[in-house]
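Protein sequences, first through last, are from chains L and H.
If you're matching positions, the first sequence starts at 2 in our numbering and goes up one per residue.
If you're matching positions, the second sequence starts at 7 in our numbering and goes up one per residue.
Hints are computed from structural coordinates only; laboratory data are not their basis.
The structure presented is a predicted model; accordingly, all values stated were derived computationally and were not measured.
Warning: the hint list may mix true and false statements.
Below, simulated DSS-like cross-link-like pairs (lysine-lysine); rule was C-alpha separation at most 27 angstroms, straight line [claimed, not checked]:
hint	chain 1	residue 1	chain 2	residue 2
1	L	LYS260	L	LYS312
2	H	LYS179	L	LYS27
3	L	LYS177	L	LYS27
4	H	LYS175	L	LYS27
5	L	LYS333	L	LYS343
6	L	LYS27	H	LYS164
7	H	LYS164	H	LYS175
Stretch by stretch, here's where chain L covers chain H in the computed footprint (C-beta under 8 angstroms, at least three residues) [what the hints assert, rightly or not]:
hint	segment
8	112-123
9	188-196
Just so it is clear, CB atoms sit at the ideal spot from N, CA and C, and this is done for glycine as well.
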Amino acid sequence: MDNVQKGRRRVGVIVNGSLINGLEMKLDEWYSVEDIRAGRFVVIEGEKSRFFCMVTDVRLDTTNPQVLADPPDEAEELMRQVLHGTTTYGTVCLRPLLMTEKDDVTGDIPGEPHLVKTIPIHFSVVGEAEEEDVNRIFGHEGNPRYFHIGQPLDMDTPVCIDLENFIERSNGIFGKTGTGKTFLTRLMLAGLIHKDRAVNLIFDMHSEYGWQATQESSNGGRLGFVKGLKQLFGSKVAIFTIDPDSARRRGVQSDFAVKIPYNQITVEDIASLSDELNLHPTAVESAYLIWNKHGREWLSTLLSQEPEQIKDFADNVGAHPESISALHRKLKRLEKFDFLQKQVHEDAVYRIMEFLGKGMHIVLEFGQQSSFLCYMLVANILTRRIHDLYVRKTEQYLATHQPQDKPKQLIITIEEAHKFLNPVAARQTIFGTIAREMRKYFVSLLIVDQRPSSIDDEILSQVGTRITALLNDEKDIGAVLTGVSNASWLRGVLASLDSKQQALLMGHAVPMPVVIRTRDYNPAFYSALGYVEGEDLTRKAESNIADLFGDR
Amino acid sequence: MQDDEIGEVIGSSNIEFIAESVLLHNSPPFGTFIKVQSRETIYAAVFNAYTHSLEPNRLAIAYHRSDQELRDEQPQIFELLKTKFEAVIIGYESEGAVRYHLPPQPPRIHSFVYPCRPLEVRRLTSQFHFLRSLMSVEKAPRDELIAAAIRTAYAEHKGERSFLVKIGKELIKIIGDDYELLSSILRRIQD
Chain L
2 MDNVQKGRRR VGVIVNGSLI NGLEMKLDEW YSVEDIRAGR FVVIEGEKSR
52 FFCMVTDVRL DTTNPQVLAD PPDEAEELMR QVLHGTTTYG TVCLRPLLMT
102 EKDDVTGDIP GEPHLVKTIP IHFSVVGEAE EEDVNRIFGH EGNPRYFHIG
152 QPLDMDTPVC IDLENFIERS NGIFGKTGTG KTFLTRLMLA GLIHKDRAVN
202 LIFDMHSEYG WQATQESSNG GRLGFVKGLK QLFGSKVAIF TIDPDSARRR
252 GVQSDFAVKI PYNQITVEDI ASLSDELNLH PTAVESAYLI WNKHGREWLS
302 TLLSQEPEQI KDFADNVGAH PESISALHRK LKRLEKFDFL QKQVHEDAVY
352 RIMEFLGKGM HIVLEFGQQS SFLCYMLVAN ILTRRIHDLY VRKTEQYLAT
402 HQPQDKPKQL IITIEEAHKF LNPVAARQTI FGTIAREMRK YFVSLLIVDQ
452 RPSSIDDEIL SQVGTRITAL LNDEKDIGAV LTGVSNASWL RGVLASLDSK
502 QQALLMGHAV PMPVVIRTRD YNPAFYSALG YVEGEDLTRK AESNIADLFG
552 DR
Chain H
7 MQDDEIGEVI GSSNIEFIAE SVLLHNSPPF GTFIKVQSRE TIYAAVFNAY
57 THSLEPNRLA IAYHRSDQEL RDEQPQIFEL LKTKFEAVII GYESEGAVRY
107 HLPPQPPRIH SFVYPCRPLE VRRLTSQFHF LRSLMSVEKA PRDELIAAAI
157 RTAYAEHKGE RSFLVKIGKE LIKIIGDDYE LLSSILRRIQ D
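Work out the full structure: start from the sequences and follow the hints.
Shown next, in the form of structure tokens:
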């Protein structure tokens, strides 16, 4: 080929294809079919454009069916060699993902990659993708808006995610349990914090983001500990907890113990928990009656009633005594939560807002209180109020247009998201609202979930970037691909992911869907984030002292 | 230096010719490459050879003697026998370059025939066009002829296996769908 294919290793030529169904390439005879993996990248040099493609399928083909009826046996080495690449050959199905126009004269690629609108001419040469191609498409980590999240399957070039685009929408991290969702999430959060693109509020159900967490080895056993966000970023991250005892037992220094007064719990909060609390719809209506009478103190008033007073109380608010009695009985469960109190002297929400306002990231640990009931209750109450405050801040910003009034983009991470965002709950919880209204109010979600099919379709279709580890269930795969055009070929890719350290990225923050080996979460990663320890720390301290006070 | 001739053209056409061997029973081997010094040097591959009596309607008679006894007792009968061979033209040389197509004129009658030198065989067979000429022969089993020619060429290519593989792939293009023919040729090359 001429100058355009210089240095690129040839893989084959395009022989067939269509824009909708993808392209077919005849594999060169000196290239083994076994070296072609689904998900790898190749570049097609068309006449006028260069196409960036992903391998979606590999097939063995023959020009002569007779050969298949009477295949050469093992001893006929010459026959095999002769047939290989001529009568029998490999066909590789390619999905063109991006194209860039070539300069007519020089053959250079001046333009930005954009979506494919056409296909290359017959017999266009296909070559292996190189580092430069990957960088051109996924950006380079030298640019602060890009964060290196992994590598393509068979290359060592970083694949970067565009954080600027990432924070603009709500995002999802999906995957079966044990496929590395938590690691992916921690990785993404570390990237967001490191590049300081947004402030994070993480509802950390299993207390695995803030302080150290255990790492599973590839054979399933526990391998050791990895550093949490607080360890990596120090004062940039604050750990809040609703279970200070658990934090103390684990040796975690929490910055704030969250207490929630009863008067911050609204009927909506309770309504969205009706599944967990096993509430009847009439119970919710009764709760509204109490609210009408007692306002914000409805819950404490209800819970302070003795069983024999229920009937009078019911008459008083105008509700059915049985219904009030059932509500009373069921809500009594809330009393056992230590973090719910009649009076608190410091409002957790203001404290959170204060930290967020300072650009600090908050990990809210649940410690022992990791029941869904507790998790959803706290996440709902806090998020609703934080969202209200953000709406107010945004309105102020819209009024003043002062840059200092612009609220800092907030990303709220929720786990087991389908509990909040299933078709019923999504209409009641604040998370449904946030997911739908997107970035209008500078708040977006990072949804971590293992059962995406339970999440409301409308919300899934609004998810900007999806980072998906292995999923097996057809329904889940279908759900993750909701709102992705031409997604059928991605199904195969998704189902063929390894169960460890592999993920499919697609959506707003990457120019095209890509399968990656996720970056290792190890000391090399820590130091890339600027974390220093041991001797290096001493050296850094000494150099800082020298900078401050001069050499002594 | 000119090699000794091995035959003389006694019948010719644009695509093949017949030559009479200089020595009885000493035609060039089947599937080897020969050349005719005519107006141009014409290259050909031997596809047939036979020995018969001078008189067209008479068969030789069996004497039940060994070759030596026959030579001692009846030397004249050898004078009555002739060895002839037929070859298919695969190209010619013009202005110092080998052309892989038929010569403009057939070889002249009475031109001498010489064996190709190793270097010439290498040059002729470094391009695989000769296979197509061999495919057109109908008077000899094609698989045998092609296999023999490839073996000759292979010997001159120092037994490089890659040569065999390359020529095999070329054969597939020429033979097309006939998998049987291909496998019978390849089997013959391999032995």
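Run the structure past the numbered hints and jot down the numbers of the failing ones, going up. Those not satisfied are hints 1, 3, 6, 8.
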